[in-house]
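Read off the chains here:
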Amino acid sequence: MISRVADHCFWFGRYVERTEATARTLAASASFALDAELPAAQVWRPVLVVSGEEDEFRTRIAGGSDDHPAWGDGEVVQRFMVWDDDNGVSLVRSLGGARWNARSIREVLSLEAWEAVNEIHLWALGEPGRTMYAQHRDTFYQHVRRATQLTLGLLRSTMLHDEPLDFVWLGVLLERVSQTARMLDVHHHAFTNLPARPDGGEVVETALWLTLLRALSGSEAYLKRAGGRVSSHGVARFLVSEAAFPRSIAYCVHSAYERLCDIRPPEQHELPGGVSLEQLRVLDAWVAARNQEPLAGAAVHELLTHVVDEVHEICGTLGKELLGA
Amino acid sequence: MGQSQSQSQSQGLVGLFDGYAPLPGTFDEMFDASGAPRPAFARAAQLLAKMTPEDFARAQQLAETALLQQGVTFSVYGDARGTEKIFPFCLFPRLIAADDFRRIERGLQQRLRALGMFLDDIYGDQRILAEGIIPPEMLFGAAGYRPMLNGIKPPGGVRIHIAGIDLIRDPEGTWRVLEDNLRTPSGVSYVVENRVISKRMFPRVFDAARVHRVDHYPTRLAETLRSVSPIAGDDACAVVLTPGPYNSAYFEHSFLARTMGLELVQAPDLYVDGDKVYCRTTRGPKRVDVIYRRTDEAFLDPEVFNKDSVLGVAGLMRAYAAGNVALANAPGNGVADDKALYPFVPDMIEFYLAEQPILEQVRTYVCLFDDDRQYVLEHLPEMVVKAVDEAGGYGMLMGPQASADERDEFRRRIEAEPRRYIAQPRVELSSCPTWCAGHVEPRRVDLRPYVLTSREGPWVLPGGLTRVALVRGSYVVNSSQGGGSKDTWVLKETA
Chain A
92 MISRVADHCF WFGRYVERTE ATARTLAASA SFALDAELPA AQVWRPVLVV
142 SGEEDEFRTR IAGGSDDHPA WGDGEVVQRF MVWDDDNGVS LVRSLGGARW
192 NARSIREVLS LEAWEAVNEI HLWALGEPGR TMYAQHRDTF YQHVRRATQL
242 TLGLLRSTML HDEPLDFVWL GVLLERVSQT ARMLDVHHHA FTNLPARPDG
292 GEVVETALWL TLLRALSGSE AYLKRAGGRV SSHGVARFLV SEAAFPRSIA
342 YCVHSAYERL CDIRPPEQHE LPGGVSLEQL RVLDAWVAAR NQEPLAGAAV
392 HELLTHVVDE VHEICGTLGK ELLGA
Chain B
169 MGQSQSQSQS QGLVGLFDGY APLPGTFDEM FDASGAPRPA FARAAQLLAK
219 MTPEDFARAQ QLAETALLQQ GVTFSVYGDA RGTEKIFPFC LFPRLIAADD
269 FRRIERGLQQ RLRALGMFLD DIYGDQRILA EGIIPPEMLF GAAGYRPMLN
319 GIKPPGGVRI HIAGIDLIRD PEGTWRVLED NLRTPSGVSY VVENRVISKR
369 MFPRVFDAAR VHRVDHYPTR LAETLRSVSP IAGDDACAVV LTPGPYNSAY
419 FEHSFLARTM GLELVQAPDL YVDGDKVYCR TTRGPKRVDV IYRRTDEAFL
469 DPEVFNKDSV LGVAGLMRAY AAGNVALANA PGNGVADDKA LYPFVPDMIE
519 FYLAEQPILE QVRTYVCLFD DDRQYVLEHL PEMVVKAVDE AGGYGMLMGP
569 QASADERDEF RRRIEAEPRR YIAQPRVELS SCPTWCAGHV EPRRVDLRPY
619 VLTSREGPWV LPGGLTRVAL VRGSYVVNSS QGGGSKDTWV LKETA
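Residue numbers (this note's numbering), protein chains in the order written: chain A, 92 to 416; chain B, 169 to 663.
No wet-lab data here; the hints were simulated from the structure.
Keep in mind that a hint or two might mislead.
To be verified - No farther apart than 35 Å at their CA atoms in a straight line, the calculated lysine-lysine pairs in the DSBU-like style are these:
id	chain 1	residue 1	chain 2	residue 2
1	B	Lys218	B	Lys444
2	B	Lys660	B	Lys475
3	B	Lys253	B	Lys444
4	B	Lys444	B	Lys321
5	B	Lys475	B	Lys454
6	B	Lys660	B	Lys321
7	B	Lys444	A	Lys411
8	B	Lys367	A	Lys411
9	A	Lys411	B	Lys454
Could you put together the complete structure from these sequences and hints?
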């Protein structure tokens with residue numbers, strides 16, 4: 092497979108996954124804001140922190156200040172995270188990135204998968220999408236999510252299960268690891284440092300954790316595993332270690348390792364990709380070993396930081412070894 | 169039965185074709201001068217006429233949406249945001265009768281054989297110059313002539329693997345070759361995609377009309393490419409080389425790669441080592457045997473052509489000259505589709521094949537010849553004058569529309585440099601019923617059939633790209649100037 096094509100496949104997967112994650116996060120936050128009984132900035136600011144565009148928002152939107160009302164203005168935050176062309180992780184930028192990469196490898200994707208990406212791109216950036224956004228916000232996010240899920244489903248059900256799909260999926264999984272890790276990190280920090288409230292504090296905390304789980308499409312899965320008990324420790328453990336949950340860190344890292352093993356079999360030492368493979372194997376083993384350790388307080392932050400840093404490192408090595416960077 | 173059929177026919181024609189009037193002095197593809205449908209198309213015309221304008225408008229709208237959603241688009245140059253547009257499409261099909269196309273097919277095969285032999289000769293012994301058939305100054309002035317390719321024999325012996333020949337039809341209905349495209353002709357993806365749409369929109373009419381299929385073109389193209397591989401058969405690695413997603417024809421490049429199951433590569437994916445071409449893959453280098461290149465030859469290899477090209481593959485021409493890679497189309501073909509050589513194609517056919525040309529072309533005056541020049545200068549108001557070394561409508565005089573000053577200017581230019589100019593009478597292009605905002609009107613069309621030449625010889629796709637001048641009164645079918653396309657239905661022989 093051509094390295095440049097592999098690169099487009101990888102980034103196509105990342106952008107599709109990122110589009111979906113953005114839509115899911117914004118929908119969950121918008122819903123949460125309705126009955127949060129929290130200062131609005133505490134609902135919306137984490138969205139910006141997770142996106143990594145907090146500084147960009149402060150400079151361009153919030154007049155350089157941390158007390159600016161924009162931080163708590165859901166409309167402003169959503170506009171920034173959906174439509175802002177200068178925000179590198181806005182929904183339109185991710186969607187554009189997915190579509191551009193797909194267009195560069197149209198002959199590699201199945202026709203159905205390409206059409207799904209092209210249609211959602213045309214829809215979201217055209218009149219129908221803007222109207223839907225203005226009139227039925229939640230339906231807009233739902234439509235975007237469904238279209239990206241349709242795309243990922245079509246890829247698996249209509250493409251050859253060989254190298255190009257492996258690269259797409261590797262991109263999806265590594266993007267998903269980062270998304271889950273950053274979401275959990277930001278929210279874990281915010282929720283466990285809430286000021287003590289004489290009444291209803293626990294209710295709010297439960298609602299916060301459920302919002303996080305919903306943003307990761309994991310509330311049902313979690314409640315099944317936890318028998319309906321919601322706790323910070325339980326949620327963190329679930330999102331880090333639950334081997335059967337397709338958005339947990341353990342699942343994504345392990346699946347990414349499996350995809351890379353298919354791309355570059357461990358025994359074929361003459362092929363490029365050996366360093367990436369080893370890095371991913373080590374991370375997989377490291378995450379699995381964390382299952383044996385308590386997970387609370389600062390340990391959560393350290394663990395998640397390590398995961399995010401390692402994934403970043405692995406993506407760099409992959410680029411050099413296999414993607415022609 | 170006969171009675172009721174002819175009755176429903178005349179009633180039906182009132183429907184969608186209500187008020188349709190063929191242009192005076194123009195051959196209409198669908199209707200004869202009396203307004204009756206041409207016999208071969210009677211059945212299809214009858215069924216089409218039964219649609220209401222509302223039905224048709226809805227189908228046209230659906231067709232455009234489908235093309236946009238499938239991304240059947242071309243990129244608009246000079247637009248930083250990478251804007252893409254659909255090639256304007258008229259759902260009303262253009263029909264070609266079986267016996268008409270049989271003649272076109274034979275004529276194109278003959279023409280392609282002669283043009284191929286001409287290229288072999290020009291890059292070989294140049295017999296056609298030695299025997300005085302073509303004046304040497306016409307050749308040596310042709311921009312597409314590449315003397316550095318002299319003596320190089322292409323792998324498989326084929327040079328014009330893919331040709332798109334532009335045909336027009338004069339007021340008598342005679343098919344004439346207007347132009348040969350022997351370098352990187354485009355448009356065939358629209359032929360295949362337009363067909364998908366019209367089958368979906370008109371299943372009944374299409375079925376009744378008995379139309380030749382076109383969707384096997386990519387398979388035939390892949391066979392053609394494999395047939396010229398320097399290494400045998402199934403192990404040959406063929407790729408499609410594109411300048412990239414910003415190229416206006418990128419959709420077509422990716423379409424062809426996808427439908428042939430070949431890799432679509434860009435120049436940086438390839439490199440040359442030891443006069444062999446390799447592709448950079450995730451599993452290391454992979455040898456490439458055949459390249460269907462959609463990059464202009466000026467940008468193919470910075471060692472030989474344009475030194476500043478970043479689109480090129482350094483050393484590609486060395487690998488080609490060593491016989492290690494086949495290039496489709498071969499570099500150097502531009503000399504055979506040069507305006508300066510076009511007037512001599514009938515002579516080539518007689519010279520190389522000892523046959524009479526089957527297809528007519530447009531009468532062309534070569535200003536280098538005294539008699540021709542004199543005729544042109546005396547008839548400038550009727551002539552289209554073209555500079556042989558310019559393209560895209562530049563360096564042209566449209567005699568009938570030009571001012572007296574413009575004509576005088578061209579008179580001076582022709583007298584100063586007669587070799588640079590050829591002239592043709594303007595031909596009234598044929599017209600075809602075309603959907604124009606709510607009803608059907610005649611609009612002028614041309615036809616680009618596609619010819620694939622493998623080791624076994626030329627094959628003509630029974631179809632082609634019909635381009636239509638959508639603007640009323642226009643003769644320009646080019647998409648950048650208000651042109652669009654139609655599905656072309658080549659009808660099967662009646663059983």
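To see whether the hints hold, each was checked on the structure:
no., hint, in the structure
1, B:Lys218 - B:Lys444, "violated (60 Å)"
2, B:Lys660 - B:Lys475, "violated (50 Å)"
3, B:Lys253 - B:Lys444, "violated (39 Å)"
4, B:Lys444 - B:Lys321, "holds (17 Å)"
5, B:Lys475 - B:Lys454, "holds (26 Å)"
6, B:Lys660 - B:Lys321, "violated (39 Å)"
7, B:Lys444 - A:Lys411, "holds (25 Å)"
8, B:Lys367 - A:Lys411, "violated (47 Å)"
9, A:Lys411 - B:Lys454, "holds (19 Å)"
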